[in-house]
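Kindly generate the complete structure, drawing on both the sequences and the hints.
For the record, the sequence lines run as chains A and B.
Numbering of the first sequence is given in the numbering used here, commencing with residue 2 and proceeding in unit increments.
Numbering of the second sequence is given in the numbering used here, commencing with residue 2 and proceeding in unit increments.
Do not take every clue at face value.
Copies of the same chain look alike in the list, so a pair counts if it fits in one copy or across any two.
Subject to a maximum C-alpha distance of 35 Å in a straight line, what follows is the list of computed DSBU-like cross-link-like pairs (lysine-lysine) [to be verified]: (1) LYS53 - LYS135; (2) LYS135 - LYS189; (3) LYS64 - LYS92; (4) LYS217 - LYS48; (5) LYS48 - LYS64; (6) LYS92 - LYS189.
Just so you know, the hints here were simulated from the structure itself, not pulled from any lab data.
Number of protein chains: 2
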Amino acid sequence: MVINPPLKQSSVLRSKYDPQQRITVAVDCIIFGFDSEKLKLLLFRRKVEPFKGSWSLIGALIKNDVSLDQGASEILYRLTGLRDVYLKQLKTYGAVNRDPVERVISVAYYSLIRINEFDLKAVEDHDARWFDLKDVPDLLLDHGRMVQDAIRSLRLMARNRPLGFELLPQLFTLPQLQILYESIYDTKFDPRNFRKKILSLNILEKTDTKDMSGSKRGAFLYRFRKNSLDGSSMSNGEFEKLKEVIQF
Amino acid sequence: MVINPPLKQSSVLRSKYDPQQRITVAVDCIIFGFDSEKLKLLLFRRKVEPFKGSWSLIGALIKNDVSLDQGASEILYRLTGLRDVYLKQLKTYGAVNRDPVERVISVAYYSLIRINEFDLKAVEDHDARWFDLKDVPDLLLDHGRMVQDAIRSLRLMARNRPLGFELLPQLFTLPQLQILYESIYDTKFDPRNFRKKILSLNILEKTDTKDMSGSKRGAFLYRFRKNSLDGSSMSNGEFEKLKEVIQF
DNA sequence: CCAAAAGTGTTAAGCATACACCCATGC
DNA sequence: GCATGGGTGTATGCTTAACACTTTTGG
Chain A
2 MVINPPLKQS SVLRSKYDPQ QRITVAVDCI IFGFDSEKLK LLLFRRKVEP FKGSWSLIGA
62 LIKNDVSLDQ GASEILYRLT GLRDVYLKQL KTYGAVNRDP VERVISVAYY SLIRINEFDL
122 KAVEDHDARW FDLKDVPDLL LDHGRMVQDA IRSLRLMARN RPLGFELLPQ LFTLPQLQIL
182 YESIYDTKFD PRNFRKKILS LNILEKTDTK DMSGSKRGAF LYRFRKNSLD GSSMSNGEFE
242 KLKEVIQF
Chain B
2 MVINPPLKQS SVLRSKYDPQ QRITVAVDCI IFGFDSEKLK LLLFRRKVEP FKGSWSLIGA
62 LIKNDVSLDQ GASEILYRLT GLRDVYLKQL KTYGAVNRDP VERVISVAYY SLIRINEFDL
122 KAVEDHDARW FDLKDVPDLL LDHGRMVQDA IRSLRLMARN RPLGFELLPQ LFTLPQLQIL
182 YESIYDTKFD PRNFRKKILS LNILEKTDTK DMSGSKRGAF LYRFRKNSLD GSSMSNGEFE
242 KLKEVIQF
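Here you go:
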């Protein structure tokens, strides 16, 4: 319940809050993608002033009858045609002068998508490009900060739950999974230790087919075990372990 | 940069965004306090309809010329007289119908304060009460959810950085610190293991004075080492270790 | 036959856990 | 002198980290 000066709860009683105080609210999306080689970020180039030519995240104003989560989903849907994209609210940026046009509060979300699964047409229509995380250019407004915050959050999250669900195709190889984690943490892991750790979690199922695209020998395909995360199929001890998943 | 339908960047060019789409924005504060015995939550009782008698978080509408962080600080300042309270943005709640009076987006913050350091007058003026975390009553709107989210975030945060800074007085005893962590995680720790872990982090300085209030024998007072967290005074190895602080 | 990527085991060190008794003091 | 809370050490198992070679196969 909102309370404004004087800091008395009686002020909350008005049937409508002060319309003078309404603020423009936007959603901005940090879109991470993985193409089995590198973790990438989708950026959009402004075609007009101000900031013409600058790279930017994609966003939209929030209408009064749309929730924040819906707003973010819609951006992703219009862009990718995908409905069930993973979206996580990152943080809300509320500095008064962050947008020179007008005071805008922006709620940032980040999403994880499989690059191969959506067509590049939509991307090209928007003058967009995938960037390696290392090559992210300067972004307009506070979007650079948003991206930094999103990467930090992604890393934090990746040690608590296996993100492969969202970023990898249904069937994937252990080398791919390793590359994904190496991209996220910008480091290298020992393949023996990586496999040992991942397999000990009992969240993967090995298939008997191989992916031959990455090497001559081929690499076995795995899939994530459904329900491996809701705990119902696990003892307590295993579940506790899971919470510390992937702490290399 | 905000973009609204049509999803074209050219729409961003307007000098002013559509004023029809402005939304009422509020800040709500989850206030955690510690009194050397239990971790508590400060709640406020509504005196008027709607929701008369319900317990609630404290909040305020955000004015167009005030940042979110400032808005949250001001609430805390008016309430406690303290200027440098720890405040962390938790999450933004944006469901369309979360407030029956009007569509309001609420940015939730949580703060950590030392209960003993501010006067209860301010609290009593607001018909407020400290609740043990276990006894939190039903709250109005989605405030209950906010509190649950804040507790989860607090626990997550407490394993990455020592929160004692914010919740304990400058000088404190190890038993107090242990009780604090036990409150946060709602569990018990072995005192030998707890001390070993905490002291191995090199973030505490022992003083040669004792606090005699808790026992006949008295317990040595400690303080947090300044700069123990900015990494400058530490080797890389130690800093890495710190990032995993307090993972009981 | 060789280049390129996939796959595999062992050891040592560090960390977390479990556990029980003495100490200092006020009353 | 006893009740109360403060303070201490050790042994065990587990997790992590470091490390190098063999396998498969397409070209």
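- [ ] Up to 35 Å between alpha-carbons, please classify LYS48 paired with LYS64: within, between, both or neither.
- [x] both (24 Å within a copy, 32 Å between copies)
Reference check for the pair LYS92 and LYS189, CA-CA at most 35 Å: within, between, both, or neither? This pair counts as both: shortest intra-copy Cα distance 29 Å, inter-copy 33 Å.
What label fits LYS53 with LYS135 when the C-alpha limit is 35 Å: within, between, both, or neither?
Result: close within a single copy only, 23 Å intra versus 54 Å inter.
Original post:
Given a CA cutoff of 35 Å, do LYS217 and LYS48 count as a within-copy pair, a between-copy pair, both, or neither?
Top reply: Neither: 45 Å inside a chain and 74 Å across chains, both beyond 35 Å.
Practice prompt. State whether the alpha carbon distance between LYS64 and LYS92 is at most 35 Å within one copy, between copies, both, or neither.
Written response: Both ways: LYS64 and LYS92 sit 19 Å apart in one copy and 19 Å across, limit 35 Å.
Using 35 Å as the alpha carbon limit, work out where LYS135 and LYS189 are close: within a copy, between copies, both or neither. So LYS135 and LYS189 pass the 35 Å test inside one copy only (15 Å; across, 44 Å).
The structure does not agree with numbered hint 4 stated previously, though it agrees with all others.
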